[in-house]
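Visitor: These protein sequences, in sequence, are chains A and B.
Position 80 of the first sequence, counting from 1, maps to 87 under this note's numbering, and the rest follow consecutively.
Position 11 of the second sequence, counting from 1, maps to 259 under this note's numbering, and the rest follow consecutively.
What the hints contain is simulated information worked out from the structure, not anything from laboratory work.
Bear in mind that the values here come from a model prediction, so they are computed numbers and not experimental data.
Note that beta-carbon positions come from the ideal geometry of N, C-alpha and C, so glycine has one too.
Hints should not be assumed to be uniformly reliable.
[Said to hold, decoys possible] Mimicking SDA-like on lysine to any residue, the simulated pairs with C-alpha atoms at most 25 angstroms apart in a straight line are:
1) A:Lys51 to B:Asp302
2) A:Lys47 to A:Gly103
3) A:Lys51 to A:Gln102
4) B:Lys306 to A:Lys29
5) B:Lys297 to A:Asp77
6) B:Lys306 to A:Asn82
7) B:Lys348 to A:Met22
8) A:Lys47 to B:Ser332
9) A:Lys48 to A:Pro76
10) A:Lys48 to B:Gly301
11) B:Lys317 to B:Asn280
12) A:Lys47 to B:Glu336
13) B:Lys356 to A:Asn64
14) A:Lys48 to B:Pro288
15) B:Lys348 to A:Glu108
16) A:Lys48 to B:Gly277
17) B:Lys306 to B:Lys319
18) A:Lys48 to B:Tyr287
19) A:Lys74 to B:Lys306
20) A:Lys47 to A:Asp77
21) A:Lys26 to A:Asn64
22) A:Lys59 to B:Lys306
23) B:Lys348 to A:Thr20
24) A:Lys48 to B:Lys348
25) B:Lys356 to B:Gly344
[What the hints assert, rightly or not] Just some of the chain B residues that point at chain A, by a computed CB distance under 7 angstroms:
26) Asn280
27) Leu292
28) Ser318
29) Lys319
30) Trp331
31) Asp333
32) Thr334
33) Lys348
34) Val349
35) Thr353
36) Gly354
[What the hints assert, rightly or not] Covered by chain B, according to a simulated footprint, are these stretches of chain A (three or more residues, beta-carbon under 8 angstroms):
37) 17-26
38) 68-76
39) 84-94
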Amino acid sequence: DTAVSQTPKYLVTQMGNDKSIKCEQNLGHDTMYWYKQDSKKFLKIMFSYNNKELIINETVPNRFSPKSPDKAHLNLHINSLELGDSAVYFCASSQGPGRTEAFFGQGTRLTVV
Amino acid sequence: AQSVSQHNHHVILSEAASLELGCNYSYGGTVNLFWYVQYPGQHLQLLLKYFSGDPLVKGIKGFEAEFIKSKFSFNLRKPSVQWSDTAEYFCAVNAGGYQKVTFGTGTKLQVIP
Chain A
8 DTAVSQTPKY LVTQMGNDKS IKCEQNLGHD TMYWYKQDSK KFLKIMFSYN NKELIINETV
68 PNRFSPKSPD KAHLNLHINS LELGDSAVYF CASSQGPGRT EAFFGQGTRL TVV
Chain B
249 AQSVSQHNHH VILSEAASLE LGCNYSYGGT VNLFWYVQYP GQHLQLLLKY FSGDPLVKGI
309 KGFEAEFIKS KFSFNLRKPS VQWSDTAEYF CAVNAGGYQK VTFGTGTKLQ VIP
């Protein structure tokens with residue numbers, strides 16, 4: 008029974024396309040995150056939602072738009088994909104923002120060609 | 249602003265060797281500290297965490313870490329590594345109740361049988 012699940016696991020798409028990644032957690036957590044991991048394994052936070060409210064919005068191009076329809080879901084939509092968007096995107100959740108351990112999804116490997 | 253440094257980028261050890269991975273953070277106040285592990289092709293999993301109390305923290309799989317406030321350090325240790333410990337290790341800090349957790353750049357550990 009997966010705690011944090013993301014779909015799809017792999018995504019290959021052409022430049023200029025629009026794509027979405029979905030994330031769901033069944034842990035009853037209030038906070039969800041999107042992280043980007045680049046080819047050098049550097050992990051950087053992009054967004055965080057607490058109780059469906061955006062609380063962290065790092066310096067991310069506005070082509071990236073998160074949406075949290077409810078506490079258990081946090082989706083990421085990306086418009087006009089660029090080569091530099093290729094990375095692994097991880098969704099995570101925690102009981103509260105920042106101070107508690109995060110549970111990560113399996114990641115979505117996005118390849119833009 | 250909080251930041252985390254992991255000075256060892258790539259560590260190669262033989263099985264049964266002892267491990268110590270360095271982690272230093274920059275923040276003068278109260279911190280919550282974490283070590284996460286990412287096995288090849290997998291998501292991040294929590295190894296251990298420090299919030300308060302005993303500065304020597306024991307985690308899963310025989311790992312431990314020591315919080316030394318005067319040195320702003322939270323080094324990860326294991327007395328005897330196994331081939332299955334081959335993975336990327338990330339130190340992370342949440343400072344002063346700030347909502348964000350900042351990750352270090354990771355240390356790749358390769359254990360040779």
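Visitor: Can the restraint linking Lys47 of chain A and Glu336 of chain B be considered satisfied, given a maximum Cα separation of 25 angstroms?
Guide: Cα-Cα ~11 angstroms, so holds.
Visitor: Checking hints one by one. Is Asn280 of chain B an interface residue toward chain A, by the C-beta closer than 7 angstroms rule?
Guide: holds, 5 angstroms
Visitor: Is it true that the CA of Lys306 of chain B sits at most 25 angstroms from the CA of Lys319 of chain B?
Guide: The hint holds at about 20 angstroms.
Visitor: With the threshold set at 25 angstroms, check whether the alpha-carbon distance from Lys356 of chain B to Asn64 of chain A stays at or below it.
Guide: violated, 29 angstroms
Visitor: Measure nothing beyond the straight line between the CA atoms of Lys26 of chain A and Asn64 of chain A; if it is 25 angstroms or shorter, mark the hint as holding.
Guide: holds, 20 angstroms
Visitor: Hold the hint about Thr334 of chain B up to the distance rule: shortest CB distance to chain A must be less than 7 angstroms.
Guide: At about 14 angstroms, which exceeds the 7 angstroms cut-off, the nearest Cβ of chain A leaves the hint on Thr334 of chain B violated.
Visitor: Given the proposed pairing of Lys51 of chain A with Asp302 of chain B, does the C-alpha separation stay at or below 25 angstroms?
Guide: violated, 29 angstroms
Visitor: So if I understand the rule, the pair passes when the alpha-carbon distance is 25 angstroms or less; does Lys317 of chain B with Asn280 of chain B pass?
Guide: holds, 12 angstroms
Visitor: Would you check whether Lys348 of chain B satisfies its interface hint, that is, whether its CB is within less than 7 angstroms of any CB in chain A?
Guide: Lys348 of chain B check passes; min Cβ-Cβ to chain A is 6 angstroms, inside 7 angstroms.
Visitor: Measure nothing beyond the straight line between the CA atoms of Lys348 of chain B and Met22 of chain A; if it is 25 angstroms or shorter, mark the hint as holding.
Guide: Not OK: Lys348 of chain B and Met22 of chain A at ~31 angstroms, beyond 25 angstroms, violated.
Visitor: Would you settle whether the hint for Val349 of chain B is holds or violated, based on the nearest Cβ-Cβ distance to chain A being less than 7 angstroms?
Guide: holds, 6 angstroms
Visitor: Does Gly344 of chain B sit within 25 angstroms of Lys356 of chain B, going by the straight-line distance between their CA atoms?
Guide: Status violated; Cα separation ~28 angstroms.
Hint check: violations occur at hints 1, 2, 4, 5, 6, 7, 9, 10, 13, 16, 19, 20, 22, 23, 25, 28, 29, 30, 31, 32, 37, 38, 39; the rest are consistent with the structure.
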